[in-house]
Amino acid sequence: MIKRLATGLAVLWAAATASYVALLLAPGDTVDILVGDGADTPEIRAGIVAEWGLDRPQIVQYLAYLWRLLHGDLGRSYQQQRGVGEILATQLGPTAQLTLAAAATGVALAGVIAVVTAGRGRWLRGAASAAELVSVSVPPFLIGIVLLSVFSFTLGWFPVSGAQGPQALVLPALALGLPIAGVLGQVLRGGLERALEQPFAVTARARGLTERALVARHALRHALIPAVTLAGWFTGTLLGGAVITEVLFGRPGLGQVAMQAVTGRDMPVVMAVVLLSAVVYVIISTLLDLAYRVIDPRIRG
Amino acid sequence: MKRLTPALLVLTLAACGAPTAQTVQSTSLTWAIETQPITLNPQLWAQNKVRLLVFNQFDALLSKAEDGTFRPWLAKAWQVSDDGLTYTLDLRDDVTFHDGTKFDAAAVKANLDQFLVPGYNPAVAAIQLKAFDRAEVVSPYRLKIMLKEPDGLFLDFLASPYAGQVSPKSLKSAKDLKFGGPDLVGTGPFILDRYVQGQELHYRRNPAYNWPPAGAAHQGPAHLSEITYRFLAEAAVRVGALTSGQVQVIEGVPATEVNLIKKDPNLALQASLNSGTAYSYYFNTSHAPFDDQRVREAFRQAVDVDAVLKSVYQGTATRAWSIVGKKSPFYDATLENTYGGDVAKANALLDEAGWKQRDAEGFRVKAGRRLTVREVASAPFVRDRRDILAQAIQAQVKQSAGIDFQVKIVDQGTAQKALDENEYELFGNSRGDSDVGAALNLILPAKGAINRTRFADPQVDKWLATASATSDQAERKELYAKVQQAAVREKAIVFPLYVPADQIAAHKSVQGLGFDPSSGTPASAYDVRIGT
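Protein chains in written order, with our numbering: chain A, 4 to 304; chain B, -5 to 526.
There's no promise every hint is true.
Claimed, not checked - Over 10 angstroms on every C-beta distance to chain B, these chain A residues come out as not near it, computed from the model:
| # | residue |
| --- | --- |
| 1 | I47 |
| 2 | A133 |
| 3 | S152 |
What the hints assert, rightly or not - Not everything, but these chain B residues come out facing chain A in the computed CB check (under 8 angstroms):
| # | residue |
| --- | --- |
| 4 | T29 |
| 5 | T33 |
| 6 | V111 |
| 7 | P112 |
| 8 | Q191 |
| 9 | F225 |
| 10 | E228 |
| 11 | T237 |
| 12 | S238 |
| 13 | Y307 |
| 14 | G309 |
| 15 | Q406 |
To be clear, the hints were calculated from the coordinates, so they are not data collected in a lab. None of these values were measured; they are calculated from a predicted model. All C-beta atoms in this analysis are idealised placements derived from N, C-alpha and C, irrespective of residue type, glycine included.
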């Protein structure tokens, strides 16, 4: 466990340093970014340099940055002139809500489709496959627009945006969850079908187990391993997709903060979002390790 | 998209004692806006599109009419000394900030002095308040402002969001002074009570409000009891939210949706040209090929601006003929139809300038070098489909004159680097200053802060300096006409394309929507009401 913690910290330090170096290597210096598109005079530049401490040696600025991180201080946003920690704190909740709802939607849909279609007739499998392919290949932006046009603008079942109440969460969660359902559904079905051809399945059938019980009790467990392995990819898709989904639906959250920060080169915010993603990955991969042990007893040894 | 609920308006009667002749209505409105504010502090205001929010919460000292004249607001009257160095303001004595503190001369002085705090707003301190020396409280409601040198644009500053008056108490106590928000309070018709980043801003009516700017459509408190601004960045989503009745007003109507809205009998569309400079291409005159005036003129002749605007904006854009926008009182209309759209002339000019040969791809070459001009644009500042506009122009100049126009949309740092290192030939820009003189002072003088043409002409510098120092509007108009003639016609350093505009679309039940007369951007919600 200590080893795992050390690895986690190393990953975080690497992410912090990599984003810092990326900022250094990016064209244009920080002063240019802070000046923006407006007036640019020597006095203005001098004021900015003094205010942000940009005249100190690079290594000092880097160490100061790490020191602040260690103390939980994520710095101040160039664009919004507020503490980054505060910005993230207010936006974390809505994003967590959205991504968890999307993940649940994706997993539930994939599970249902896979269990219903695995090993069934060619026609049913083909239809499910096609639907999955569409949900994966159509950009989330387009899925969102279509969902909005149909269910919000035309039918009026759901509000266009905002984060008030569970109703406002349905369309964004669906837009974000559908591609996950697509990929996960295919993997799960493939795994189920392979498992159903294994010798243990033959034995179980011979013992008089019904096909449904076989899928639920035995095959699903085998099929889960590759699906769980995908969870890393899954997290990335959710975080990336949240950017588009939140901007499109006018929802608060880290996605739209990241979007604004990247286009405005608001580096303290960008770096904090990168760090936060790294933290999420470390946590997810730890949980995955634990999940493997639960699903497959052979790994426990 | 036909199902139209007749606006989700909450109409309830306020419980306010015995019925009087006129019962106060409680009305609320939802308005979808495109742009999220970078800051809600008026003194750090950076986005023209956020003007409508600033003037809900804050009042400025003066207001400015469309013809460029100034009118009273929180200052009832003002006097400028003969030498142009002392401004005396007489303030209203009946104004209270949202936090209950009194508005007076000491408050105005505190607001002006705030700009002198290092790092607070270095850009305003260095440009708009360059001439500011000190402010002096003469009596509770009279203030003297001393300048170091005459500044004809100082009244414009007093009428801008920067002069939005903030309670001195909240200047000290606000949690996020630079961002503003609910705890940075003003005297405006609405009180900001909720800000959810990425989602919305919510204001409620200031019941004590009784000091609108001269020219407002009514007196007393605002008509609406509540207003919510929702951030919907995607144009198609804004329009869908409007047509389905989920919001009652939107701004930023894309050209592709204009006809849909015009055809809908339940909706009304309004548009207004912005103040400031027109969106123009500025030619970098410091190196080849645009150091040669013939090439600059040829580029302008090679483009059929009307056709390009029609295809990109479907007839909704207003063609520009001068660096100065059509809305400005200083616009020189004699420049209209003086150049452009003559392909034969473009080719003759380029032949004359020595770009005679063509390479295998049809581009002109001279001494082994292709006639290439590069534009670098910073992505966050690309709006109004200017990237598509550039592509259309790119196709035209290639086809009609063999010019290789390369358009690069990059991040801000990369764009700034190209500008610093003089690695560009063409630069696109428009500015929304309410007095166009402020913009010209940044763009045209040899030492101008954003002189990206690198053009220098002592005569132009002198005209601009004289125009800035005087507040005689007739004299300024004459001087700025000379400047426009020089920049556009005589030296051809600029290629004006279109005058930026703002649009509002709303349900017909929403009345009193309009545009800020000085900027042409949507006005605050003070006069907005729901009715027939």
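Hints versus structure:
no.: 1; hint: I47; verdict: violated, 5 angstroms
no.: 2; hint: A133; verdict: holds, 27 angstroms
no.: 3; hint: S152; verdict: violated, 6 angstroms
no.: 4; hint: T29; verdict: violated, 10 angstroms
no.: 5; hint: T33; verdict: holds, 6 angstroms
no.: 6; hint: V111; verdict: violated, 11 angstroms
no.: 7; hint: P112; verdict: holds, 7 angstroms
no.: 8; hint: Q191; verdict: holds, 6 angstroms
no.: 9; hint: F225; verdict: holds, 5 angstroms
no.: 10; hint: E228; verdict: holds, 5 angstroms
no.: 11; hint: T237; verdict: holds, 7 angstroms
no.: 12; hint: S238; verdict: holds, 4 angstroms
no.: 13; hint: Y307; verdict: violated, 22 angstroms
no.: 14; hint: G309; verdict: violated, 25 angstroms
no.: 15; hint: Q406; verdict: holds, 5 angstroms
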